[in-house]
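A.B. asks: Spelled out from the first residue to the last, the chains are:
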Amino acid sequence: MNVSEFRTGLRAWLEDNDLTPGPDGSLAGQVEQLGRVRRALFDAGWMRYGWPEHVGGLGGPAVLRAVLGEEIASRELAPPNFYALIEVLVPTMIDYARPELAAEMVPRLLGGAEQWCQGFSEPGSGSDLASLSTKAEQRGDTWVVNGQKVWTSLAQFAQRCVLLTRTGPGHGGITAFFLDMDTPGITVRPILAMHGEEEFCEVFFDDVVIPADRMLGKVGDGWAVAGSVLPFERSTSFWHRINHLYARFDHLLAEAIDPDEAALGATYLGLHTARCRSHGTQLRFGEGLPLGPETSVDKVLLGTSEQHLYDAVRELLPGAVELADSQWRPEYLYSRAATIYGGSSEIQRNIIARRLLGLGKE
Amino acid sequence: MDAAERDLLGQSLRKIMTSTVAGPALDGELAELGWPELLAELPEVAVPLVFGLLGETGTVASVLNDVVLAAAGQEIGGTPSLPYAGGRWLVWARDVEPPAGAGVESTGPTGAFAVLDPALPLRQVDAGEPLTEVALAAGRRALGWWLVGSGRAMLTLAREHALARAQFGKPIASFQAVRHKLAETLVALDGAEATLLLASDDFSSLLAKAAAGQAALTAAKHCQQVLAGIGYTTEHDLHRHIERVLVLDGLLGSTKELTKQIGATLRRDRVAPRYAHLL
Ligand SMILES: Cc1cc2nc3c(=O)[nH]c(=O)nc-3n(C[C@H](O)[C@H](O)[C@H](O)COP(=O)(O)OP(=O)(O)OC[C@H]3O[C@@H](n4cnc5c(N)ncnc54)[C@H](O)[C@@H]3O)c2cc1C
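Note that the protein sequences, when read in sequence, are chains A and B. With my numbering, the residue at position 33 of the first sequence is 33, and numbering never jumps. With my numbering, the residue at position 189 of the second sequence is 551, and numbering never jumps.
With the rest of the complex left out, here is chain B (with noise of 0.2 Å):
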């Protein structure tokens, strides 16, 4: 797929993400978009392109049971137990609509969501099968490109508003303090996807998702100090990407455990892998 091609499937994707309700209604219309296909031929383009755009668009979908099946060799369509920060267990519910306005309730009708942010069909289960290296690493990176996303989305916010709104006579963004909390947002949003852009094996994999997870949390801490007042009212955006990034953080193990998990790793090893070469 070349870079034109990639371009207007994005758009596509774009368009349908932010047309098409969340949930199960977009599930539809990414399969009738392509996306088995896309995710069994082309996953390195699809994924970081779907989970990315789910990110932006602060939309649902349920398309990560996909990329775990699919990585374990298995049919995808199916609902595999996830593992949760703190040795949970959660199960992806398909076939779920969001609450309306979502983000208003925080137990939803079928009290099947997860509670912090309503929109994700997270249910919590006693036990689960562990994943696969494989699947993990697969779910990983997806998760990792969702939540550089959704803090991508965050900045574009916190932007906005920092030079939409005046104070002292003057746009907030001229203050330093507010363009320098705005620039480390930006600093660790593109080392996270620079981490995401190398990620191939499992350690790799790892490595991408905690740097997005810390990236995403740095944009929300960040953003919302922009943002202040109107950013903590449910009336903004804002607020439905802090609570998506902080589950989605957790979800396939949480920047704080994998972080702990790769100096663990370091120690046994006694050397510290080399990713990225020249070549």
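So here's chain A without its partners, still in its complex pose (with noise of 0.2 Å):
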């Protein structure tokens, strides 16, 4: 199957099938709608392109994926920052989990009946996540893990979560797991977020026990387990989340009151920017190449871009975000995360700085 085919023949389905949300924007509720898409394109095969037949795909390039956020993302389907979440935990459960445990659940999180969580950032450890201290200890042929970890989206929804924990000193010392939400010991405790809804948690560890067989990758592989989502996030899902933001950007030019054009046309130029950058990353990723650093620059220009929109919304809509119950107001609150999630934009200019420039150590 190729893009054209792919494209074409999934916009003739999403004509036939209405996965309009419904009136529930609640958490809740786009966690639902978010399911019931996935379930949906998952059962028509769509969902199922651009990952390996031995976790329930089909087969086909990665960049069907990409197109898929993209035409999901264009009809306004699904929240787009959850929706994404697959590109950074199947890749994952692909190289890292055994095969049967990758098999079983991959098409779980694809096929919409279960949510997944990432349990990486700590209350010590946000940019800093190699010094990251959930202690995991060995027992027999089990793992037992004590500790917490903080702003893990949708943990309340989530039956699996991929785990960081520590198993010794240093890098090295870092082991994964994926690790069932209902075993004893878990205590889920969400936080209400500024813009108004308890999209992340606290996430409590008091002598957890995980078999063995759910470790991913070996003792002390925790490190490349984190990093080796990166190009996956850095490809189709920031081509969603841009697909996601020119359809914002459209229903704000329909809606726009302050006609500023100076406003509308920098805040055009910075989304078209960064969708130009992002399709190089595309055209790269889809020929196989490695993604390394440089997509630290698509990071910065996303998250900019993502900012300077909500920006201009709040100046030429004005009162719609402070006023209104409308959409506008969690999404502009929501965007001010946009540079901190997924590694800050301070962190993404020191990459740059240091392995792009050449600029040697702080």
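Because the hints were derived from the structure by calculation, they are not lab data. Here the structure is a predicted model, which is why all the values come from computation and not from measurement. Hints are supplied without guarantee of correctness; some may be wrong.
Using 27 Å as the maximum straight-line C-alpha spacing, the simulated DSS-like pairs for lysine-lysine come out as follows [what the hints assert, rightly or not]:
(1) A:LYS361 <-> B:LYS532
(2) B:LYS583 <-> A:LYS361
(3) B:LYS532 <-> B:LYS583
Dock the two chains into a complex; use the hints.
C.D. replies: Given below as structure tokens:
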């Protein structure tokens, strides 16, 4: 299946199958909509393209996933960040889980039967992720986990978690697990985020027992596991997000009260720049070329242009963010996190300075 | 033309540009290398290479005239009138020797040059013949490559300086404020280059010129700050690039004007065009 066949078929299918979200815009409603969209797309096969057969996929190039994301985002059928979580969770399973485990679990996520979360950040370890301290200790053929994660998106809805733990000193002392969230000893406390939803949670681990065969990779592979999602986060997942922002920009164009052409032009120019840059990355990804630190440029452009878009929303739709109960308010607020999650903009600039400009150490 | 041939062409161009005096002599060398044929047959290769290198090497040739004329379907070699920011008109004179030590004098002997960057033989004229949209788009793409090339030249100078210059007992490249300014410069330049690579029709060429102008102005600002005192002198090369991008930004529409024009088009059409498709 090539891109144009895929796109044509998918568009025709979306014409016939209405996946428009219902009126419930709450977090629970969004999560339900996400499940509905994944289920329908999986059953019809679209969600399976671009993933290998051994995890329930139908094969084909990964760029098909970017095209699917684009078509979903352009129609605003699913919340973009949650939809894109598959891009950071599934590749990890493919590369690091036991093949039987990946084959059993991945279809549940892709098919909308389950939600999964990513337990990386901790109270003491945000940007400096490698300093994480949630401990895993071997006990027979199990591992026992104690500690705390934080900012874990969707943990209260999740059946599974990709968890990073400390099993020894340094970068080589981090180990990843695939954990069932109903394991005894796990406490999930949702946190009300600024945009009014319980977007993420604190997750506490009190003698949580994980079977050894749930380890992702080997002992000490955790840092590599964490890094392995980068190419996917920065390609397919970004493409989805950019197309979402274009869809929202079209709404701004339709609704703008203040006809400030300079602001509209600058906003669009930022989106266009991020899109063109990401397009080049998609092509390199599609050719199987490795993606590395140069994708930090994509990340800065995307985060910056997203905030620029919502700054324009607030300025050109006076009151829409502050006074009205519209979708713009949570979106505006959520855009403030675009330069924080997934490695803050400062961390990206550090990477650019060190690795792309060769400026040596700080 | 494959990648190896393109590299070879790039090397020849760079050699000419770094060893030939700017102006008519360089025009002549470029013609000898086959510029007219390249422009006619392979503009998508020739224009990014030639104009990017004009920026990177800091030299000057009058080839923008050719790009605009060729796109308009006219014979190259003439001097079409070119719109400049603020509704002004300029002519890019050929056969004008740049003043020796360009940048030192603010009004060259001919009095014909752009005041800020005397190495650019731009003469103001009272009125001009509007360019066709196609010619304008081609000129904007070419200038976009030039602006990004100049931006890269500034970034190279600032990077070298940051590594060489020590204060408080360490290279200033170790200070995060300095590192982040240079990182932001690279982000802007790489972003602008991506828009240039995808510029095809009138509107996307306009977008690319605006992105390139903005990136070059960002580079000028950050690199000047990093080079500080030495960068403020005429003894260091930075000022030439800064003056160049300030002038080139206004040619065929400034970043500010183009950005407004983008907004006006979007407001009229009420839908944001999507360029860059996955095929
Ligand atoms: C909406 C949202 C969803 C999230 N979802 C998840 C999730 O599902 N799973 C998960 O594991 N995590 C998640 N996170 C956490 C996210 O990854 C972290 O917030 C991020 O890594 C930053 O860590 P921190 O918040 O502790 O900030 P800190 O690391 O404490 O940083 C604070 C400030 O200092 C700056 N800073 C830190 N170090 C440096 C440095 N070396 N140089 C320059 N500046 C520096 C930062 O840029 C930032 O501005 C989410 C966060 C948000 C906002």
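A.B. asks: Taking 27 Å as the top limit, are the C-alpha atoms of B:LYS583 and A:LYS361 close enough?
C.D. replies: holds (24 Å)
A.B. asks: Checking one constraint from the list: CA of A:LYS361 to CA of B:LYS532, max 27 Å. Satisfied?
C.D. replies: With a Cα-Cα distance of about 11 Å, the restraint between A:LYS361 and B:LYS532 holds, given a limit of 27 Å.
A.B. asks: Would you check the hint for B:LYS532 and B:LYS583, treating anything up to 27 Å between C-alpha atoms as holding?
C.D. replies: holds (23 Å)
Taken one by one, the earlier hints all hold for this structure without exception.
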